Amino acid sequence: MLGFLTARQAGLDDPLRLRRAESTRRVLSLTLNPDRDVDRVHGNGVNAIDIDAVEGRYMLSGGADGVIVIYDLENFSGKPQYTCKAVCTVGRSSRHVHKFSVETVQWYPYDTGMFVSSSFDKTMKVWDTETLKPAEVFEFEDNVYSHHLSPIARKHSLIAVGTKNPKIQLCDLKSGSRIHVLQGHRAEVLAVRWSPRYEHILATASADSKVKVWDVRRASGSVLTLDQHNGDKSKASSEAVNTAHNGRVNGLCFTGDGLHLLTTGTDDRMRLWNSATGENTLVNYGKVCNESRKRLQFTVSRGCSPEFVFVPCGSSVAVYALHTGELVTMLRGHYNNVDCCEFHTDYQELYSGGKDCNILAWVPILRTADVEEESNSAPTRAVGQASVNPAFQDAWSSDED
Amino acid sequence: MNRKRALISDTFKVKKRIRIGTEKFGAVSNGDGPTDIKFTLEYLMTLFPRKLFNDALPQIVLKHQLYSIHHDKTLVDKELNKLRERGEVLMFQLGFDAEAFGLIFASDYKAKVLAAEEGRATRATVERFLEKVLSSSTDLSFSKDQMLREFLFTDSEITQLVKAGVLTVRDAGSWWLSIPNSGKFTKFFLRGRKAVLGMVKKSKYSEVLQAELEERRTTVHVKFHMKYHVHDIVGAELVESIPTTSGTMLRFVDS
Chain C
1 MLGFLTARQA GLDDPLRLRR AESTRRVLSL TLNPDRDVDR VHGNGVNAID IDAVEGRYML
61 SGGADGVIVI YDLENFSGKP QYTCKAVCTV GRSSRHVHKF SVETVQWYPY DTGMFVSSSF
121 DKTMKVWDTE TLKPAEVFEF EDNVYSHHLS PIARKHSLIA VGTKNPKIQL CDLKSGSRIH
181 VLQGHRAEVL AVRWSPRYEH ILATASADSK VKVWDVRRAS GSVLTLDQHN GDKSKASSEA
241 VNTAHNGRVN GLCFTGDGLH LLTTGTDDRM RLWNSATGEN TLVNYGKVCN ESRKRLQFTV
301 SRGCSPEFVF VPCGSSVAVY ALHTGELVTM LRGHYNNVDC CEFHTDYQEL YSGGKDCNIL
361 AWVPILRTAD VEEESNSAPT RAVGQASVNP AFQDAWSSDE D
Chain B
1 MNRKRALISD TFKVKKRIRI GTEKFGAVSN GDGPTDIKFT LEYLMTLFPR KLFNDALPQI
61 VLKHQLYSIH HDKTLVDKEL NKLRERGEVL MFQLGFDAEA FGLIFASDYK AKVLAAEEGR
121 ATRATVERFL EKVLSSSTDL SFSKDQMLRE FLFTDSEITQ LVKAGVLTVR DAGSWWLSIP
181 NSGKFTKFFL RGRKAVLGMV KKSKYSEVLQ AELEERRTTV HVKFHMKYHV HDIVGAELVE
241 SIPTTSGTML RFVDS
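In the order they appear, the protein sequences are chains C and B.
The numbers in my numbering rise by one with no breaks, and the one at position 262 of the first sequence is 262.
The numbers in my numbering rise by one with no breaks, and the one at position 28 of the second sequence is 28.
Treat the hints as calculated values from the structure; they're not laboratory data.
If you're wondering where the values come from, they're calculated on a predicted model, not measured in any experiment.
Yeah, the Cβ is synthetic: ideal placement off N, Cα and C, and Gly gets one too.
A portion of the hints provided could be inaccurate.
[Stated by the list, open to error] Computed far set for chain C versus chain B, every beta-carbon distance over 10 Å:
(1) Asp111
(2) Asn246
(3) Asn284
(4) Thr324
[As the list claims (entries may be wrong)] Straight-line distance between alpha carbons at most 35 Å, and here's what the computed DSBU-like set of lysine-lysine pairs gives:
(5) B:Lys201 <-> C:Lys287
(6) B:Lys78 <-> C:Lys287
(7) B:Lys144 <-> C:Lys164
(8) C:Lys174 <-> C:Lys122
(9) B:Lys184 <-> C:Lys287
(10) C:Lys355 <-> B:Lys204
(11) C:Lys287 <-> B:Lys223
(12) B:Lys82 <-> C:Lys287
(13) C:Lys287 <-> B:Lys51
(14) B:Lys63 <-> C:Lys99
(15) C:Lys355 <-> B:Lys194
(16) B:Lys163 <-> B:Lys201
(17) B:Lys202 <-> C:Lys355
(18) C:Lys287 <-> B:Lys110
(19) B:Lys63 <-> C:Lys287
(20) B:Lys110 <-> C:Lys355
(21) C:Lys133 <-> C:Lys85
(22) C:Lys287 <-> B:Lys38
(23) C:Lys287 <-> B:Lys202
(24) C:Lys287 <-> B:Lys227
(25) B:Lys204 <-> C:Lys287
[Claimed, not checked] Sample of chain C residues with no beta-carbon within 12 Å of chain B, all distances over it, derived:
(26) Ser157
(27) Arg186
(28) Val213
(29) Val216
(30) Arg269
(31) Tyr285
All chains, full assembly: derive it from the sequences and hints.
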């Protein structure tokens, strides 16, 4: 690290490089931290979490009992000890609560005044954060597995919805109607994801082992169908042509720059694809345990070099190097299966939720600063204490009298 | 300048590597340094019991056994593909698991197949197959179309090849490339794997030191060298391998 600092000081490196180095160092030292807790509000498993992109301050979580909670992640107390408080909750007592398990939650990408949740009760609700009432309810014929709003779209405000029906629905927030259907899959659609690079590109993963990439401006069909063998027919058995996995594909995630796409399947594999050509990059991550019947929410780090993938793997979260496929570490802490995780880009923190009803915060633990000489630090510490808590000092002085 | 090319995380790993290095002192080195897949393959081949099959089988190594020695799986795949393209190594689908691939040195395969064909009527066809097909393609399986048009075999010749065992039926109109008489190998291998896994499972806390496992007396089911099986179960991730102060420990993974 000192090397990077001197290189920066001498002007050998650009600022970005130093930033990347520090982010990487922080990600490599992610651990469970006793200083950081997340309020335990959920009484059932946590299915989905999302951190808002505007401030990086509020976190949404959706539970298996239909409850949605908003947490405040920002620590203004000045102490390292912090419990992320639940700011507001759509609880079981609310009139508008989802009847069954909430499968996906997502903030509106440009504003925290609105968020979208979808559930097994066959609805997707668009919520007003201020009043915690749904501003719009989309109803479907089948269970909703997943939905996604494009993080960069400026020309459309479409929500892609994957349901038990093989057709992918596109809902328009402007008109509040379902405007379009994308046909091509043969089984339920478990995950949908917009590209963070091109606003009209959508990737979908289905239980028929296929992953398709769509351009929503084109009505006729998908642009690409990802093939795990890159068209080499001699390896695949004849019925498994053009499949991305040898099982249900239940996780989908673009890298931060949108150039690559990651998929996970119940064949215990994770694959990295070139999202422009649909080519399998053949990175071998080894066995990535995956027994989920539903969507698996995993995430990729941003601003590190090299980038890392965080993927739930049984009751722990596995961290892989994105391009080499090397297992960096396993984050163990949950008591039951982990279903979702989300990376906080600004602070390099990871939040994960699981069937044990907990949301755990993984915070980088860096080497603590060396303690200074007692004589130098004592007066400053006393002043600091007094300014923080004058009531405490009053009580102490009265004791002396 | 060299430092510009180096990955940033490599700088942070330096410290870690030193620590790991001291732990591993005296133990088997686990593939630091340049990856020489061919050397590793040759090492694994030596574990293959040739006597058991009266030296009739070529030495078979499973692809995932390589992963137990080299940790960068992507690199192993890449190096292996290079070897296959150069025609030094052949890959086979072994049939009991879609993910299990067998690796054989091409020269060894050819020698053993020809030795088995000595004095049989099918020899000429098999020889032609080895010459034409194996030298030109790296495919694991062949379709009927490919066999008839590209390699100019007739239907009856294909039947001869299947009889000789260099092809097995995959489904209607396509064949896997295969190893003659490898059924016995698969049988012994699967039985041995089951027995070794059972040994790990039945030890206390379902975990056992690798060195201790390798020293154990084996049952009749384990026909191969213990190390062969250990490399197999570690590579296929049926057990977890954990470095400890007294060597590598294997723990059974529930799945």
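Hints violated by the structure (numbers, ascending): 2, 3, 4, 7, 14, 16, 20, 30, 31
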